[in-house]
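Trainee: Residue numbers (this note's numbering), protein chains in the order written: chain A, 1 to 444; chain B, 445 to 946.
Calculated directly from the structure, the hints in this document are not laboratory data. Any given hint might turn out to be false.
To be verified - Okay, derived cross-link-like pairs now, DSBU-like style, lysine-lysine, Cα gap no bigger than 35 Å in a straight line:
1) B:K573 - A:K349
2) B:K481 - A:K375
3) B:K573 - A:K313
4) A:K313 - B:K555
5) A:K278 - B:K530
6) B:K583 - A:K308
7) A:K140 - A:K208
8) B:K481 - A:K308
9) A:K340 - B:K530
10) A:K231 - A:K140
11) B:K659 - A:K374
12) B:K718 - A:K316
13) B:K718 - A:K313
14) B:K481 - B:K660
15) B:K928 - A:K194
16) B:K946 - A:K309
17) A:K340 - B:K573
18) A:K171 - A:K25
19) A:K127 - B:K913
20) B:K822 - A:K226
21) A:K35 - A:K171
22) A:K349 - B:K946
23) A:K309 - B:K659
24) A:K268 - B:K573
25) A:K127 - B:K718
26) B:K660 - A:K309
27) A:K367 - B:K913
28) A:K367 - A:K309
29) A:K343 - B:K928
30) B:K530 - A:K287
31) A:K375 - B:K718
32) B:K718 - A:K367
33) A:K278 - A:K367
34) A:K287 - A:K349
Each chain is listed here by its residues.
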Amino acid sequence: MLKTFLTGILILIAGVSMARPKPEKIFPYKYSTAKLDNGLSVVLVPMESPGLVSYYSVVRTGSRDEWEPGKSGFAHFFEHMMFRGTDKYPGPVYDGLITSLGADANAYTSDDLTVFHLNFASDDLEKVIELESDRFQNLKYDVREFQTESGAVYGEYRKGRTSPWEVAFEKLQDMAFLKHTYKHTTIGFEQDIKDMPNMYDYSISFFKRYYRPENVVILVVGDFKKDNVLKLIKKYYSSWQPGYVSPQITPEPPQTQERSAVVSYPGKTLPLLVVSYKGDAFDVNNKNILSSVLIGDLAFGETSDIYKKLVLKEQKVQFIQADFGFSRDPKLLYIYSMVKDPKDVEYVKNEIYKTLSNFQNILVDNKKLNDLKKKERYSFLMHLDTPDNVAGFLPQFITLTGGIDVVDRLYSGLDKVTPEDILQAAKYYFMPEKRNVVLVRGEN
Amino acid sequence: MTRYIILCVLIIFSITLSAKTKNGTPMKENLVLLPVKNDPTVSFKIWFNAGSEYDPKGKEGLAYITARLISEGATLHNSYEEILEKLFPLASGYSASASVEMTVYSGRVHKDNLEVYYPLFLDGIIRPKFSEQDFDRIKDETLNYLTTTLKYSSDEDLGKTVLYDFIFENTPYGHSEQGTISGVRNITLDDVRNFYQTYYNRNNFVLGIAGGYSKKLAERLQKDLSALPEGTRQNFPDINYEPIKGLNVKMINKDAQATAISFGFPINLKRGEKDWYALAVANSWLGEHRNSSSHLYQVIREARGLNYGDYSYIENFPNGGQLQMPPVNVARRQQIFEVWIRPVPNETRHFVLRSALREIKNFIDNGLTREEFELTRKFLKNYVLHYAPETEMRLGYALDDKFYGLQNSHLETFRKMMDQLSLEDVNNAIKKYLNYGNMKIAIITKDAESFKSALENNTTSPITYSTPKADKVYEEDKEIQDYKLDIPAGNIKIIGVEELFK
């Protein structure tokens, strides 16, 4: 018996290995998708993971969707409210049931999405589907519970605000966006968090607008029979009424000149420097976007010239790193650094500009580019070893595109990026007028 | 059916072998193998008996800096830059984590890249160069961590560090892995070389290999590791902590927006003993890490909305803010019972401290009910499945089993015990190992003097909420606001944040 199941694990891993040579099909598991009549999308990824399943409900709403003034932070607050129960399963009953399953259950919110996830034993799939479908359709809480939960959210803000990085990003987004909702971070503006207890009615309307089947994707990964699970999802979710209302997000007007700010941090820290440039909305066919992902590592990764110079040789900075990620609407490409001596901030900033200028003028070495492509591929394959690791990787693509087909297209697109593409993308993004710079100084 | 399958997966196939070093010195019990034949990756972990408890007096931080220099510095064959260049396309690296007792040098690689990776991994541990340039960088980063990051960027992490230092002051456990400011400043490159020679020796480690490795690879690595310095297995130093009498408070005064509280006391219990699993059930009910169903969370966060979460522990759990599941390879011979109250509004600090300590008293006096016991053991039996889904984590657990001297896998025992324990076992363990009268409390807050005076005088601490609460909350609050802590004046010390970790 034991042997049989071990073989199961082995097959899974062999599957990962065998998929490697075909760049056009890098995602190593077969999956299926379905759409219910009410618009609910389902992505099923069976994989050998003896007895374990990951169940993700991906709501394609995040702090980006908080378009009404005074309502920043609401998507995240609402994530908390989703644990408050229904008539059938009130909060404590829901908690008790999840506890009795021994499930690892949690949720998170970011700019573009809210995700509710559970890892548990396959035997409990129907119970989990029933519980999840119930709270997404019939969530119910009273004013008192709502107001008490707002205190926990304020507590979360307070705990995070001690980090100087929070201070940096709060200022950066506020400065870089004048109209678009990316102006606020996911936790929200402090004055809006303080006002949350008064927003009970708004919370009901938030639920009715965004927690609708057309705006949610159910992702199941692990040890299950797909036909059976699809049948259960249909059974429990078909009564969910559509009614999604899109947020009225104002597009950000093009930035025409550089913006910068210096912020003081109430504590001691080395100076933090964040240099960022306006990016684009994710589009897997946009070569500039694919190229920018690679530039992040090529220009600022551990093998980059600036890393060797500033971190290893001159030791002017404690670290330097880039985050050129994906977003639903045009957001920011970030480069951040912790500078050791306040006197060196200008020098470090200029070194960053010089690095970007080199990428605009000199073609990147082909071997370096190929090494990076190889790294991306192995990094992807080595990561997808458990249902939760697979499921945890996919929500960002689900929120950007509605499904996961884009994963193969993304990796095959990255494979085709040339040194010329990199140069063009660098020219396109790293213009001074698209730049936003924040410096955080401590009370040292 | 499925449940049985899970059980099978949990069984860790650790095989203990003995081997011989090149010069014939026997290396007994120093190998843990976890083969997963077709796994496309190989994981390595080498546990050295070289934690921060071995830091010489006045050189606190030496174990940590040595570990970092090994994994983030040059070797005799390559500069650190060259190492990074070579590792880059492999999407692999290696690292060394120094905790109080264990220093573990680890790496993971795809089998396709093993031949390129292996010599780099091996050089890191047997041929470190200890270059001046790498040393300066790492020492500087460590000092910055101690002088700014640890003191300012997260009050709750600061609170936990202060608590451990407070409980174990004047013992080898009495400083964080990163050391002290003066200790780190005193460390020279020669100190690092000496520490390496003494503790990274061929008789002072346990080697773990997992995944799709070949028998030949395991033999090759064992043979190659005989190039480590000669030496003997190091004995663990004694941890003679001062017994705690009464409630003792250390307040760190700083301009904090909110108050972070951690408290606890040593417990003499370790994995493998039946009582450990009994206490694990009790602790899970009281304060399961980041789990909304736990009791402290329900009282302080869920019913009152005073903070983001409240948890309790019977084993050290570093990086709790980032991790959902317990970390591996941070094992300790001496553990503490620890409560972590995440930051609360300053004006509620006295009330929350009373509330938390009152809950601990009720917990110890009353134990768990039958219903609470049944639910919690059912929860843990399955929850433990999420502790180590990856091969690398399972290898980590296998090394921890070695540390604790366990013949059977801890995770396997954990699940079995959930079927075998009785309510009496659990409630007896609570009474046997826990107490509410003798503990140390670390508090990060502003205007500490006024809090000190309020504590000394048992001043009433009524709470007002900006939003209405359930009637039973108000009733209970009346009891909490005057709950007597009776902390003697001499037991409360205030220290300015700048005075810490000197």
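Trainee: Each hint should be assessed against the structure and marked as holding or not.
Mentor: Going down the list of hints, with the structure as the test:
1. B:K573 - A:K349: This hinted pair holds, its Cα atoms lying about 32 Å apart.
2. B:K481 - A:K375: 24 Å, holds
3. B:K573 - A:K313: Holds, at about 16 Å.
4. A:K313 - B:K555: 33 Å, holds
5. A:K278 - B:K530: 33 Å, holds
6. B:K583 - A:K308: Holds, because 18 Å separates the two Cα atoms, which is no more than 35 Å.
7. A:K140 - A:K208: With a Cα-Cα distance of about 12 Å, the restraint between A:K140 and A:K208 holds, given a limit of 35 Å.
8. B:K481 - A:K308: Roughly 39 Å separates the two Cα atoms, so the pair is violated.
9. A:K340 - B:K530: 28 Å, holds
10. A:K231 - A:K140: 26 Å, holds
11. B:K659 - A:K374: 28 Å, holds
12. B:K718 - A:K316: Between B:K718 and A:K316 the Cα gap is close to 53 Å, so the pair fails against 35 Å, i.e. violated.
13. B:K718 - A:K313: 54 Å, violated
14. B:K481 - B:K660: At roughly 13 Å apart (the allowed maximum being 35 Å), B:K660 and B:K481 satisfy the hint.
15. B:K928 - A:K194: 32 Å, holds
16. B:K946 - A:K309: This hinted pair holds, its Cα atoms lying about 31 Å apart.
17. A:K340 - B:K573: Holds, at roughly 25 Å.
18. A:K171 - A:K25: It is violated: about 41 Å lies between the C-alpha atoms, which goes past 35 Å.
19. A:K127 - B:K913: The given pair, whose Cα atoms are some 32 Å apart, holds under the 35 Å limit.
20. B:K822 - A:K226: 28 Å, holds
21. A:K35 - A:K171: 41 Å, violated
22. A:K349 - B:K946: Holds, because 33 Å separates the two Cα atoms, which is no more than 35 Å.
23. A:K309 - B:K659: It is violated: about 42 Å lies between the C-alpha atoms, which goes past 35 Å.
24. A:K268 - B:K573: Holds - the C-alpha atoms of B:K573 and A:K268 are around 34 Å apart, at most 35 Å.
25. A:K127 - B:K718: 32 Å, holds
26. B:K660 - A:K309: 40 Å, violated
27. A:K367 - B:K913: Not OK: A:K367 and B:K913 at ~64 Å, beyond 35 Å, violated.
28. A:K367 - A:K309: 21 Å, holds
29. A:K343 - B:K928: 53 Å, violated
30. B:K530 - A:K287: Status holds; Cα separation ~28 Å.
31. A:K375 - B:K718: Between A:K375 and B:K718 the Cα gap is close to 46 Å, so the pair fails against 35 Å, i.e. violated.
32. B:K718 - A:K367: 57 Å, violated
33. A:K278 - A:K367: Holds, at roughly 29 Å.
34. A:K287 - A:K349: 27 Å, holds
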